[in-house]
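In the order they appear, the protein sequences are chains H and E. So the first sequence is residues 1 to 393, counted in this note's numbering. So the second sequence is residues 1 to 253, counted in this note's numbering.
Hints listed in this document are in silico derivations from the structure and should not be mistaken for laboratory results.
Simulated crosslink set (DSSO-like; lysine-lysine; CA at most 27 Å straight-line):
no. : chain 1 : residue 1 : chain 2 : residue 2
1   : E       : Lys196    : E       : Lys58
2   : H       : Lys280    : E       : Lys186
3   : E       : Lys107    : E       : Lys222
4   : E       : Lys139    : E       : Lys158
5   : E       : Lys199    : H       : Lys280
6   : E       : Lys179    : E       : Lys189
7   : H       : Lys280    : E       : Lys197
8   : H       : Lys99     : H       : Lys348
9   : H       : Lys280    : E       : Lys68
10  : H       : Lys280    : E       : Lys196
11  : E       : Lys107    : E       : Lys182
12  : H       : Lys280    : E       : Lys58
13  : E       : Lys205    : E       : Lys182
14  : H       : Lys280    : E       : Lys73
15  : E       : Lys58     : E       : Lys186
16  : E       : Lys222    : E       : Lys186
17  : E       : Lys205    : E       : Lys58
18  : E       : Lys73     : E       : Lys58
19  : H       : Lys157    : H       : Lys99
20  : E       : Lys158    : E       : Lys141
21  : H       : Lys280    : E       : Lys222
22  : H       : Lys99     : H       : Lys133
23  : E       : Lys189    : E       : Lys58
24  : E       : Lys189    : E       : Lys68
25  : E       : Lys182    : E       : Lys158
26  : E       : Lys189    : H       : Lys280
27  : E       : Lys182    : H       : Lys280
28  : E       : Lys179    : E       : Lys58
29  : E       : Lys58     : E       : Lys127
30  : H       : Lys280    : H       : Lys348
31  : E       : Lys218    : E       : Lys186
32  : E       : Lys179    : E       : Lys158
33  : E       : Lys205    : H       : Lys280
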Amino acid sequence: MLSFLYARQSGLDDPVRLRRAESTRRVLSLELNHNRDVDRIHGNGINTLDTEVIDGRYMLSGGSDGVIVIYDLENNSKKPQYTCKAICTVGRSSRHVHKFSVETVQWYPHDTGMFVSSSFDKTMKVWDTETLKVVSELLCYSSHSALLCSVLAVGTKDPKVQLCDLKSGSRIHILQGHRGEILSVRWSPRYDHILATASTDSRVRIWDVRRASGSLFTLDQHNGDKSKASSEAVNTAHNGRVNGLCFTADGLHLLSTGTDDRMRLWNSGTGENTLVNYGKVVNESRKGLKFTVSRGCSPEFVFVPCGSSVAVYGLHSGELITMLRGHYNNVDCCEFHPDYQELYSGGKDCNILAWVPVLRQPGIEDDETNSKRGGTQAAINPAFEDAWSSDED
Amino acid sequence: MSRKRALIADTFCLTKRRRCAADSVTDGAADIRSSLQYLMTLFSRKLFNDSLPPVVLKHQLYSLHNDKTSVDKQVNELRENGDLLMFQLGFDSEAFALVFAEDYRTKVLQGEAGRETLGTVEKFLAKLIPGCSDLSFNKEKMLKEFLFTDPAITQLVKSGVLTVRDAGSWWLSIPNSGKFIKYFIKGRKAVLGMVKKSKYGEILKTELEGHHTTSQVKFQMKYHIHEIMGAELVESIQTTSGTLLRYVDGNVN
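Same shape as in the complex, but just chain H:
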């Protein structure tokens, strides 16, 4: 670590390198933190989490009981023991609450004044954060959606993707091509017009929404080598339902998980399967699985909910780094906070757990000895302490 600091100081290294190295070290030491808690409001499982992009301070969560809660993640008290308080809740008593389970919540990408929620009660609601009232409601038989600027892409049960414009509240157009229910929809972070959708017909399609014709391409797990698959499985992304999609932060790669217990990494420009082998990624989920990729680390990490724990894989190497155990029941969603390298995961046990990096904690013995010496030494930064010099000289 000191060598990185020195290299940055003397200009040998790019400043980004130190940041990446430290982020990676922090992600590798993620642990369930005793000090950090999130208020427990949900009475039923938590299906989705979303952190806003601007500050990374407010987090939305949507639950199976239709309740939506907003939490403040920032620690303003000076104590390490901190509970992330729920600022406001759209509870069962609210007039506008969803009737059934909320599947996706998403903040408006440019500010926190508005958010969107979609649920199994066949509606998609746009909420005003100040008043917690529904500004507009769209009826569509959907359960998964993704928001980009003012265009909302909704994946519906009859296999089409509906694009809606939030400014006017109307539907723009429909993307046809899938043959099964759409389980996941994602916009590319790199290009505004690229959309990826995953469905129960084992296919993942990439669309350019500016074009009137069908999808750009379908992702093929055998990369066009038709001889490898059985004839029904030709041109499919997985050998089962595809229920999770995630773009990497730079938008160059796309990850997909399927019920064939496999996770695949695709090149999002060409649609080629990079053939990184993650092994068996247990996936029994019937609905969409929300997983996430780290941002700003040197080998990127994928955090996938696997049963009742979260598995951390190296993105390009495919090796299982560690399993984060702590939930009592199935984990449904996880969200990575890029500024603090923290992971929040929510599951059926109605808990949101915060996984915080644990590094270089000051030992309790050091504090005691310091106070014994009568405070003659100012607290020394542990980075400058060494193990060989004696204090007696």
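Starting from the known structure of chain H, fit chain E onto it as the hints suggest.
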């Protein structure tokens, strides 16, 4: 004090990496070949009266090497070179069988000796082994690229080198492999049952190897153990007394 050993990224282990870098790169492909040869020795030839070449499953390699992606890459390299042949076994879309090309050729020709299909099979093998690394063939390919006629294709299916995939396409297969697949599936089920029935559903790998084999298990225990470890049908945990195999719930088998 935290007992857990912290995970350290590669970037912080600079000195270690410099020292190991030299020997790890060259050993890559050689490693896989030697692992394959080791696994081939575990295959029981006598069981099939020497009519089958030694068959290894691709995921058995995963139990010997950590990095699955590099194992896949090296297997593909060996296939491109024409040293190794890969077959789709049919009972699992992800289970692939690997056979050394020379072994395959000798066994097939040995099995065909004296039959009238010998000539066609020889022609097919000549086309297959150096160049082609496909797992299945469809009709146009057989007719146009390989210049086989319909009766020739029927002869190939009869001899067992091709099996039907669907109308107009065929999988590449190992002749007389039906018995192998039958014993394999039975043996796998029996070994998994042994792990499941043991106390707490877990057993040390060395103990399982020493277990007496029931009549269901025709192959060597080590062969089956590598297979279930590589296919992740059991969870392998490193303990101070060796590797522990724990049964994973939710297995179809």
